[in-house]
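K.L.:
First to last, the protein sequences are chains A and B.
FYI, in the UniProt record's numbering the residues of the first sequence are 1 to 107.
FYI, in the UniProt record's numbering the residues of the second sequence are 1 to 101.
Heads up, a few of these hints could be off.
[Stated by the list, open to error] List of simulated lysine-lysine pairs, DSS-like, C-alpha gap at most 25 Å: (1) K39/A to K33/B; (2) K56/A to K33/B; (3) K60/A to K55/B; (4) K64/A to K33/B; (5) K70/B to K59/B; (6) K70/B to K55/B; (7) K55/B to K56/A; (8) K60/A to K33/B; (9) K60/A to K59/B.
Everything labelled a hint here was simulated from the structure, so no lab data went into it.
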Amino acid sequence: GKGRAAAPREGRGMEAPGGGGLGGADPQLQRFIEVETQKQRFQQLVHQMTELCWEKCMDKPGPKLDSRAETCFVNCVERFIDTSQFILNRLEQTQKSKSAFSESLSD
Amino acid sequence: MESGFGSDFGSDFGSGSGGGGKLDPGLIMEQVKVQIAVANAQELLQRMTDKCFRKCIGKPGGSLDNSEQKCIAMCMDRYMDSWNTVSRAYNSRLQRERANM
């Protein structure tokens, strides 16, 4: 090999006795990353659904969001999540009943 | 996106966490949160611009006329309303799912 295995890490200031450093050993940072990742997944889906549902629910932008449009947005979110779950469930079923996914694709 | 302390790994951030030369995790977390917020705002703006351009600008003229500007202004507000509605609806759904587990 290139002899890198035995080389010391380059974190000159990071060999702290408390197990810090950027290797992810810090439990506080780990937790933070988990939480923020979850939050970002949520945000991304809101962006995505807003974009999709806008196409379906918004005609001409008026002075306020009328109740019909609002209902449409709410339904849209629910149906989008239903669609996502449906797809996952059906995929799981398809993979259980056939030995390989590729079989079902060629049906 | 550049972080403020990107090149300074060896320097002593010291005082916050009581160790010489140890990076302050609190500082990192705050910086990351700010960057995430900025990224989200940019994403929102980009999609809003796309949608409102489509709704409000017909055949592009030599400038934005008054009606177009009014439309864009209303569109921005409606987009924010929509975003908030979607956020609330999604949150409710997530809570319902968790309650059902």
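K.L.:
Return the numbers of the hints above that this structure violates; sort them in rising order.
P.N.:
2, 4 and 8
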